[in-house]
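Protein chains: 2
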Amino acid sequence: MKYRDGSSIDWLHEEALERERDHLKKSQKSIRSLLSIWADSARVWLVVIATGIGIGVAGAWLDVLVKWLGDLREGRCQEGIFYNQVSCCSGLDPGEFCTDWQTWSEYFNIRKIFAQSLLQSSIYVTLAVLFAGTAAFLVNAYAPYAFHTGIPEIKAILGGYVFDAFLTPWTLLIKALGLALAVASGLSLGKEGPLVHVACCMAYMFSRFFKQFKHSEAQKRKLLAAAAAAGVSVAFGSPLGGVIFCLEELDTFALESDVMWRGFVASAIAAVSLQYIDPFGTSKLVLFQVTSGGDTWRAFELIPWLTLGVIGGVLGSFLIKLNVDIALYRRNSILNEYPILEVATVSAITAAIAYLVVFTRVQSSELVANLFQECDPARGDYHGLCNPTAMWENVFLLLISAAIKLVLTAWTFGMMVPAGIFLPTIAIGACIGRAVGILTQSIQTAYPKAWLFLSCPPDPTVRCVSPGFYSVIGASAMLGGVTRMTVSLVVILFELTGALSHVLPIMVGVMTAKWVGDALGKDGIYNVWIAMRQYPFIPPVDYNDRGKIAADGMKPFGMLVKIQEGQSTLGDIETLTKTHEFHGFPVVRGRDLVGYATRDKLLSFLSLHLSTQTKDKKCRFFSTRQKLSLTAENELDLTSCLENSILHLRKEVPQALVVRMFQKMNLHQILFTYRGQLDGMLTKADVVGLLNAHFPHTGALGNQGKVA
Amino acid sequence: MKYRDGSSIDWLHEEALERERDHLKKSQKSIRSLLSIWADSARVWLVVIATGIGIGVAGAWLDVLVKWLGDLREGRCQEGIFYNQVSCCSGLDPGEFCTDWQTWSEYFNIRKIFAQSLLQSSIYVTLAVLFAGTAAFLVNAYAPYAFHTGIPEIKAILGGYVFDAFLTPWTLLIKALGLALAVASGLSLGKEGPLVHVACCMAYMFSRFFKQFKHSEAQKRKLLAAAAAAGVSVAFGSPLGGVIFCLEELDTFALESDVMWRGFVASAIAAVSLQYIDPFGTSKLVLFQVTSGGDTWRAFELIPWLTLGVIGGVLGSFLIKLNVDIALYRRNSILNEYPILEVATVSAITAAIAYLVVFTRVQSSELVANLFQECDPARGDYHGLCNPTAMWENVFLLLISAAIKLVLTAWTFGMMVPAGIFLPTIAIGACIGRAVGILTQSIQTAYPKAWLFLSCPPDPTVRCVSPGFYSVIGASAMLGGVTRMTVSLVVILFELTGALSHVLPIMVGVMTAKWVGDALGKDGIYNVWIAMRQYPFIPPVDYNDRGKIAADGMKPFGMLVKIQEGQSTLGDIETLTKTHEFHGFPVVRGRDLVGYATRDKLLSFLSLHLSTQTKDKKCRFFSTRQKLSLTAENELDLTSCLENSILHLRKEVPQALVVRMFQKMNLHQILFTYRGQLDGMLTKADVVGLLNAHFPHTGALGNQGKVA
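The listed protein sequences correspond, in order, to chains C and S.
Mapping of the first sequence onto our numbering: position 213 corresponds to residue 223, and the numbering continues sequentially without gaps.
Mapping of the second sequence onto our numbering: position 206 corresponds to residue 216, and the numbering continues sequentially without gaps.
Pulled out of the complex, with its shape left as it was, chain C reads as follows (with noise of 0.2 Å):
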């Protein structure tokens, strides 16, 4: 192991060991080499689609396993207590009714009424604090690291942080076990981050098996990011959605088209998988199938729809600051000690609030399904959702479930159990979706001769507004606002509900929020927890320097720990890498730059070289056209650990520039030198430091990510 947990790869060097090898391979021209080249392709293929095919069957086995824990909290098959209700009561012809599944009350044979919802709603509770004490214990005794979401770790280590704790077999189970029990306990939380985690696991658990991964940090993170197209792939029905939120979100490797197509086939065969096992027998990708109310749709609804996104925006800022204010009070208060404990609390309480309102009660999956669909007399009435009269009180209702959501969420996410933001942000949207919808229905159908609705069909039982609809845009604009992604969020959402002739509305919803979102506070959930827990990320932000040059912001040459050229001893140098965790070394003769030598360079040479009688010779650092004259006798000649692929700038670049390049080539410092001579150094803990100033609670969480 080259890299220590915490420290920042440093791409350059680890893509030109790669060409080396890979080109010291194609350069022996015998059929050896030639497999060898052809079995190191093939390995990757095979990484790629086993975890694609791995992915997809832990989400269909952790579909089966919600629905029947979730099942369980309401009552027990007949046949035998490993069915769900579904599978229970299949195979019945239709009109009849399912005697197979028995509530508890029933089962227990309880005949009055209060006692049976007593009985009922006990059960109900107790199971969701078994369920989520025990995620959490497992998260907590096991895992630890395998609480949360795990996209911001993820994209930390895609852009170069190395933290292979984060991906050990032992993580991906007890994640992936978690996720199944906190998801039936009915916390407000969703499957979707924590599935990307999964799948970054069992990419790096198949990874493990081939040696050629274990040297490459480089090649090792390319088969992450495909795996993690495919847990999105598998997380949403969207194959490509996965493969967009790979370029958008973690952009690391943009241009690569290796990457893309890695995540393009882990992706599709993610998708596949899961629908060839088809946990819910429908055979379908799509989860939340819109019924399309007609393509059309009029200039009017603009109103609604830009107010949504305004919402969506305002509601996701506040999310997020709520979520930042609670994660910091847990940290500093007693609740830091009892993380079981609080879980327990917070289901129970989430459990006895969801039992009592009749759209939280249910799965928020299922709510989000009910909320996406149209009302159609065919398909029955959804908790008298349709109903005209009670319009006052579903709107009501809608609020008030979208407030209790919100709270519990903003609690939720970053308790010790595995957690998705997803799935609730959904939820929420989509309940205040409903609600415009249903406002604006009603005051369409109440004033239809109004100009506005003057594009209305004139026939009165024609439906002119479709709530549903709105629903899904709520949707996209409460999620524009808490992720602040677009183009994929578009994809996904769109991959999700299948309504593709929808797109334009909700790309409006989507662009509105995140307008509105980022004049209120510029970063999305994700890169929040990134700042708070210090992971050195560079986000692929424009960064408004206001006229500051590199100067500004590099460590000036006095403060650098440099190695002196012809000057320092062996002796020095191992002194050095024993007191400074840093990446490397500046060497400079004078103040003269010679070059840059990486600690691990120096280690090496060490462990070879030192010994008494070297200790104290002077080291020397030869460019290649030197490298023929010698060394004298009381001289070593250290060539060998200088780094070729430094990069060299004048301090007088303006820092934009400087960030731009930290961005797109993923370097791990700039030299800034003026006629030879080193002015200052940059490292990407700098640079990380100067994009998160303007967050107040940078590293409130621990300084978990130090750069070395």
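FYI, nobody ran anything at the bench for these hints, they're computed from the structure.
Remember, predicted model here, so these are calculated numbers, not experimental data.
Which copy is meant is left open, so a pair is good if it fits within one copy or across any two.
Cross-link-like lysine-lysine pairs, in silico, DSSO-like; alpha carbons within 30 Å at most:
1. Lys224 with Lys674
2. Lys532 with Lys674
3. Lys611 with Lys627
4. Lys558 with Lys36
5. Lys331 with Lys36
Following the hints, put chain S in place on chain C, whose structure we already have.
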């Protein structure tokens, strides 16, 4: 104008300038400067929105014009010649026969069947020649840059190539008009690529109204990128596809979120405008609606789909090869001197051949729309395609049509008319896909009990194989083989067909085609044309340097045109700028690098300071820290001519890394130094040369894009 047409802009320099301007405005805390910042941003959005609306309207108008001209080849409306067939026959009760529309033989009252068909076919061919000839004449006489698709040039321009003549209002007009004529003439070409060009011309035209874009080549390009997205959006009715096309195919700005944003907005607005005008009264964005034959597909279908992928890859490569050969032949033969005659002849041949085969007689878009449809007794039979007894005849006809279209397309793409390659490629692929689909279906119905087909429903009246959908896959595969696009292609295709549930098979088709195609030849058709015209465009491909280092590719110190600090006089510098067209000159003292002076800055210095007295003064260049030191009597301070944003590397750096830097940072040059001494320099032109080394016909169509 700072840059001549044909040169390449220096992105780092341009962006630095822009930041400076920005900063200057922001640092003045007056209301006026605040307003000015606001106005700058408002102007950008104004141009983006105007372009979106403009291209939406232009696209709709084009559709109407093409439809009218196309119908004119078959007959005329009694109500007036300016009605097309659909609007002429609108307002009829169902079942009523349209008498207002007359074929030409009806109009001229010809009764004999032989004379009828003779008249019809001769008018058909004559008008085709007339339309195509007019288009060619217009292009040839008024706007030679309006020929071809325009995508290669747009790619080059977005990459930094300066080519303002390509974007004039005159080109806009001729391209739009010529495109309508060319499409209506029935030549084997599409409107998609040219529409992107038209959109860019519009953005350029609108941007000329504001001073702020005149000064900034970078800002101008960011506008063009958004316009290109809008163009794709209108061309395919695919707003999301437009944005992703920009990301993948024109990925110069992938990281810059504001560019993506503007693309997003322009794209959405263009699609809304198009939908609002609704040229065909369908109020749909989806052009080739697929009647989804059930969401399920069977495992055995992977075999024909993979076959289609392979066919697409092979035929795509063949089409590219054929197109290149024809382009070279055209260039080097007598054809070069008679472009209009060539167009007229080819259009006559196209019309004559097309008239013979039923599938080629109609416009390609109509053919594709029908091939994409499943057979449905209620819809009627399209040219006997659904007749199961005529299976072999249909397969034969479809393959013949594909072959004819392939040859005609290879010839047409590159003639002196606006011509896109997308639609013809889709048509070729759709024909082949439908043929394969019909074959698969007939095998399945012939052997329903074979183990391969056991997954099909047992009821023989239920369709198991959907040949219409095979058409879509065939089209995807063919497009993948010709353009080598991936993700954006999939998005465009499924926005085009609405076949969301079939995104996985489309992905399989595109993937296979790209793999097979890449094995046969690395470049897509656009990149081949870029190379043939030698535009300074750096394709975002992985470059394999075979172990070479930067020193192997750079211009070494001895070959560089340099300024000797303290020795060169102002007169020398004047001679330098007159004899060399280079973008800039390294400044050295002996062998030590002082900096890099751009020609642009030198010229402005010369224009201010050159006189007979100063002509013999020596030029000095100082760093900022020495700025206060005085210049001697016979010396001049040219420090202001130095460029700050210059990258230095060591010449031992691998070439692959250097190429990556050029790709990701849009560099213009890199200097190679060691211990302050200049070793050499590498410019964009050198990198383009490296990347095109494998292509034998680089610059074969004229060295239009010399990088200075």
